[in-house]
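Chains as they are written, first to last, in our numbering: chain A, 1 to 327; chain B, 1 to 327.
Keep in mind that the hints were calculated from the coordinates and are not lab data.
Heads up, some of the hints might be wrong.
Which copy is meant is left open, because identical chains are indistinguishable; a pair holds if it fits in one copy or across any two.
[Stated by the list, open to error] Restricting the straight-line Cα-Cα distance to at most 25 angstroms, the calculated cross-link-like pairs of lysine to any residue (SDA-like) are:
{"#": "1", "residue 1": "K151", "residue 2": "A263"}
{"#": "2", "residue 1": "K127", "residue 2": "L38"}
{"#": "3", "residue 1": "K149", "residue 2": "V299"}
{"#": "4", "residue 1": "K64", "residue 2": "D80"}
As the structure is a computational prediction, the values presented were derived from the model and not from experiment.
There are 2 protein chains.
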Amino acid sequence: MPELRRDPVAGRWVIIASERAKRPDDFAGELAPTPRNLPCAFCAGNESMTPQEIMAVRSGGAWKVRVVANKFPALMVEGDLSKRGDGMYDLMNGVGAHEVIIESPRHEVSITSLNDGDVRDVLWLYKQRLLDLRNDYRLVYGLVFKNVKDKAGASMEHTHSQLIATPIVPLQVEQEIRRCSEYFDYRGRCLLCDMVMQEMQSGARMVMDSPNFIAFEPFAARFPFETHLMPKRHMSHFEATDDALLPELARVLRTSIAKIEAALNQPPYNYLIHTSPLNVRSLDHYHWHFEIIPRITRVAGFEWGSGFYINTVPPEQAAAFLREVRA
Amino acid sequence: MPELRRDPVAGRWVIIASERAKRPDDFAGELAPTPRNLPCAFCAGNESMTPQEIMAVRSGGAWKVRVVANKFPALMVEGDLSKRGDGMYDLMNGVGAHEVIIESPRHEVSITSLNDGDVRDVLWLYKQRLLDLRNDYRLVYGLVFKNVKDKAGASMEHTHSQLIATPIVPLQVEQEIRRCSEYFDYRGRCLLCDMVMQEMQSGARMVMDSPNFIAFEPFAARFPFETHLMPKRHMSHFEATDDALLPELARVLRTSIAKIEAALNQPPYNYLIHTSPLNVRSLDHYHWHFEIIPRITRVAGFEWGSGFYINTVPPEQAAAFLREVRA
């Protein structure tokens, strides 16, 4: 059973998951490349190579998008959530869900090779999984994320994303929610709604402006071409997004990524959804959003140890470039 | 002039330093290797290739350790600190210091190739630089760090470290200090002093126990073989360390790194010092420490976006291994 441990100084939780060390590429003096000569477990026809299917979108009997349990889960879905102390330290059992969303039956390596309708199905499944996991009272947060290419942490080439649901709120999200709550107390408005307004008025950092969503380079972007995407109207939970909005969201997400891929020559990247905790109904002060992070620069000790980043490309320049690029 | 911008949601400051983009390896679709065929600017004899010397330790006329301005500074030491707003955003001029500590006149690629006395001189220069920068009233924090090998963000092979002094306290340090302050309010003791006590009593995560310092694997280590090093006696500021303790600290630091190098076959790594802000005299609740972070695993979107890490090697296992390894 993995363990969740909290660092008392930094406040962050860490999964100490010794079971995963069995993956040969997880731990070595050098980063091992992912073997490419094995049959792909995510391709249609190889379903028996994955753990059990949790949910899928089907069309005429064949699956289009498929959610399965992670074969090397960081957290275990069975078991009690036993919280305890060890002197000054806090820990609990590593209870949680770790799922993989296989985004296509074909061996595509980028989500942008899918059409907008396929991407809509992927987003719809994110939503369904989060709605389902809300029923598990041990879990308080669902983090949806995507790793593309080795350098961004992907161990499979076939386009996919992941969902980890945890019995704690991750530190970075907790801090964002706290800061947004302070802002709300002071101003009576959602910080992220105000940000949408200012970005639309300024336009300098906008990448895409669609009726219900914007994609933009954040004012204090940590990384060159870091791109955020959020609904214009206030919405605390991703899973509360109306199904009618998903096709538009799919188009904005897919196009934003395609622009980044075109601008940076198919870079490794991550995206993730910051949303509100599973165990609260709705919040006036927090607003879900996507963060898309191209991994084209090295992160050095300075950044790691300080949370203080150096970005060599002003977000206004990156935005101007992305607005123009064809995708 | 670079700009310091604050992300209103996350609270973190980012240096938007467009000047640095001129370095060809700073920005490219693929990470470019550092050229190795040019003469090394850090070697004795090539002093004219570096910006002006700020300070040095000399012996018989020749320098042993040398501090110079960074040729590609992230922040500029000249200029006023003009703080301003842009709608809901906060920013200020990128005023600060960015220095390089060249640790040897010879082309050594690891600090462990130096002897303990040389490492003592490096630490003594860290101290002198921090003491000197305290006199600049624009600056509130001095971050000393080291990047080793490309994968950890080094752009020079020759053993060196860096110091960035900033007009803000980096987010991660600010949060640590706040949490330690809450702990002090509640318990009347320094959290890190309590941690030293518990680690010494338990012993399970200890790597080195020296009269005045311990090196250990933290309870909630983010990374395999992450190692922290701190004074046993309470001390808020690194630069307040008595010169008489520096030889012992040099030995513990050098040996800890040598153990990690032996265990992991010369991995890329970072270290950095977390210390108290330059503009406060001394704090009862915060305690300086080194964080040594081997960069042997990929950091994926999950970690980036959540501040929630998966570590596949329990710190107790790593500590047992490091205690035994010869160095």
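Comparing the hints with the structure gives:
no.: 1; hint: K151 x A263; result: both (18 angstroms within a copy, 24 angstroms between copies)
no.: 2; hint: K127 x L38; result: neither (32 angstroms within a copy, 54 angstroms between copies)
no.: 3; hint: K149 x V299; result: both (17 angstroms within a copy, 12 angstroms between copies)
no.: 4; hint: K64 x D80; result: neither (34 angstroms within a copy, 58 angstroms between copies)
Of the numbered hints given earlier, the model fails hints 2 and 4; all others are met.
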